[in-house]
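Assemble the complex: chain A is given as a structure, and chain B must be docked to it using the hints.
Going line by line, the protein sequences match chains A and B. If you count by this note's numbering, then the first sequence holds residues 1 to 348, one letter each, in order. If you count by this note's numbering, then the second sequence holds residues 1001 to 1338, one letter each, in order.
Calculated from the structure, these hints are not laboratory results. Some clues are possibly wrong.
Claimed, not checked - 25 Å max Cα-Cα, derived DMTMM-like pairs, lysine to aspartate or glutamate:
hint, chain 1, residue 1, chain 2, residue 2
1, B, K1164, B, D1280
2, B, K1137, B, D1172
3, B, K1137, B, D1171
4, A, K46, B, D1069
5, B, K1164, B, D1203
6, A, K46, B, E1074
For reference, the chains in residue letters:
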Amino acid sequence: MPDVRSADEGISQFEFTGRAGDYFRIWIVSLCLSLLTLGVYSAWGKVRKRRYLYAHTRVAGDGFDYRAPPLSILRGRVAAVVLFGGIALAGHFIPLLQVLLFVLFVVLLPWLVVASARFNARNTAFRGITFGFDGRLGEAAAVFIGIGVLVIVTFGFLYPYYRRKRAEFVVAHHRFGATQFTADIPTSAFTVIYLMAFLMLMGTVVLSIVGVLGALALAGMSGRDEAPAALSVLPMIAIYAVYLFIFAYIRAGTGNATLNGTLIGPIRLRSSLGAWSLAWLYLSNALAIIASLGLATAWATVRMARYRAQRLVLVTTLPLATLAGAADSSANATGSEVSDLFDVDVSL
Amino acid sequence: MTSFAATLFDGQNAARWPVRVSASGDDLLVEGEFDALRIPRAAIVPDAPVPGVPRVLRLRGGGAIETRDHAAVESLWPAQSALARFAFRMESSWRAAAGAVVLIAAAVTFIIVVLLPGAADEVADRISMDAERSLGKYAFGSLEESFLKPTALPEAQRDELTQKFASFVADDPDGRNYQLVFRSAPGPNAFALPGGIVVVTDDMVKLAKSDSELLAVLAHEIGHVRGRHALRLLLRQSGVFVLVTALAGDAVGMTILAAALPTILLESSYSRQFEQDADDEAFAHLKRHGYSPQAFADLMRRLQAAEKSRTDDERFFRYLSSHPVTAERIERAEAAAR
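In isolation and in its complexed conformation, chain A is listed as follows (with noise of 0.2 Å):
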């Protein structure tokens, strides 16, 4: 008799095995239907188009299961449009509701981190055992609103200490049934990887000033007293070009420290994200997507996942079998919704 038990020990690549084809033909009905419903449906689509995109996600054999009810997520939806919306409208007649609007958004996103990442690790399952998020509002408060007031009184300079707390946060009060993940990410990591950005910026600003002024002077001494064109242009190429290089870089290189640093229990992850690649999807799928009038949104989603997958390995000195589940409580959507409204970004 084969041991099922051990038959998954030692390293696992991840894949993704979705086809863009048929995630296309869900996302296409999803947005259909939530045109036609006035995004009442967007909530059983954004359920059916993750739980593709879950499912093709693979590891050690093994898919990961959405199970988030989507009447939860257009409860959600409601509140957080009726909440912000209304506040927003009524700031047109009483300015000071703006305001309030403001103070309300920042006293509530340390809930809206807890609940949405409470929210969809409940309803996130593997091999049955459903993932949970213990994470104190109290915590989620000093890390968000307490290192976030300080990253501003120092001008951004505590920044990367303040994205590698939000991450530690994040990563360590997630559990996969009863076993505890623990995040141990290098203190230089998160700087180390802010201070090369901010140093490609700099060479960028530095360099374009001195190639504008080289072709200037090289222009003025031909005797034109006309700069060319492809002056003014291609400056501006560069410059956007290191930005969108400098955000894949910061992208790649966080991803992997959070990944990196992530273990749980006999588990660990090894993620190689590739600052050039990330860059190139980028750039590629934005181009995809514009010249096919967002048709091709559904096959980026899909390279991206793809390329994400074939970059992250598991690792475990366990067999995972032995990792056992914890009994769980109902959930709620309501945090997890507020946040897709304004797009926060909580995931690891």
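The following block gives chain B in isolation, referenced to the frame of chain A:
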């Protein structure tokens, strides 16, 4: 008897058990490398099917049975929500996907072509006269800074025209205070701002062979003001956000509108419909005051000839670029004169 291959997750540990599941009376019989399990079908909650996603049968207590055999699950639990069945059918078919693309394109086109202009017109009708006046004043201020220079016309001529204009617009039913402003700018031009500031350039005054010709073109501009055409054009081009803020009487929204107005006036042309409406308004107004619309036709002909001979690049500030004149419009003026 239905039977299918599946994976059992027991909810206790993250173990995977390859199993064979078969229906046996009211129970599911789950057989694998363990003592066979009997699970009452009533204790199982099947998921909503999504094409390409394994079916998940959720068990009470947290476990799950996962299988790729959609058909078998479908035959055991045929009663699903109609919505899920409908979505599943749509998502499985390329033809439905193509239909969805067409529907979305049609809906987006409808929103852009019908809904937004309709909403823009609705909002334009609701803007108060006070707001219209301040919008016009603000736009006039920025035009003065960038395009308009003081007039070089003799004061006597201006006074005479101003007087004629005053009696020409004295009976405005909407209660606007029209104000004629002489300015110098390249080329013959005339335009009116919301609220009733009517600007005429020195070249236009010179091009007009009689006062009735000048009043004809001014009557046309007044027609645009009465129909709030500039506001409509502006609102149609400014998108949903500005529409909402303009409707709410929001100061920020109005400032955005006012800032965009000069450019709209100079660069965009009025639609055929707007021109016709303004023409009709103008012809009626001219006749009421004892002038013939023929004057309008004459001036337009001369304007066309004058612009044809111009070779400069200042299309930006040409009367005909913002007021396309067609042979049809000239004919209509002549018909109205008869």
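Against the structure, the hints:
A distance of roughly 21 Å separates the Cα atoms of K1164 of chain B and D1280 of chain B; the hinted pair therefore holds under the 25 Å criterion. Among the hinted pairs, K1137 of chain B with D1172 of chain B is consistent with the structure: their alpha-carbon atoms are about 19 Å apart, no more than 25 Å. A distance of roughly 22 Å separates the Cα atoms of K1137 of chain B and D1171 of chain B; the hinted pair therefore holds under the 25 Å criterion. The hinted pair formed by K46 of chain A and D1069 of chain B meets the criterion: a straight-line CA distance of about 24 Å does not exceed 25 Å.
Pair hint K1164 of chain B plus D1203 of chain B holds up; C-alpha atoms about 19 Å apart against a cutoff of 25 Å. A distance of roughly 23 Å separates the Cα atoms of K46 of chain A and E1074 of chain B; the hinted pair therefore holds under the 25 Å criterion.
When held up to the earlier numbered hints, the structure conflicts with none and fits them all.
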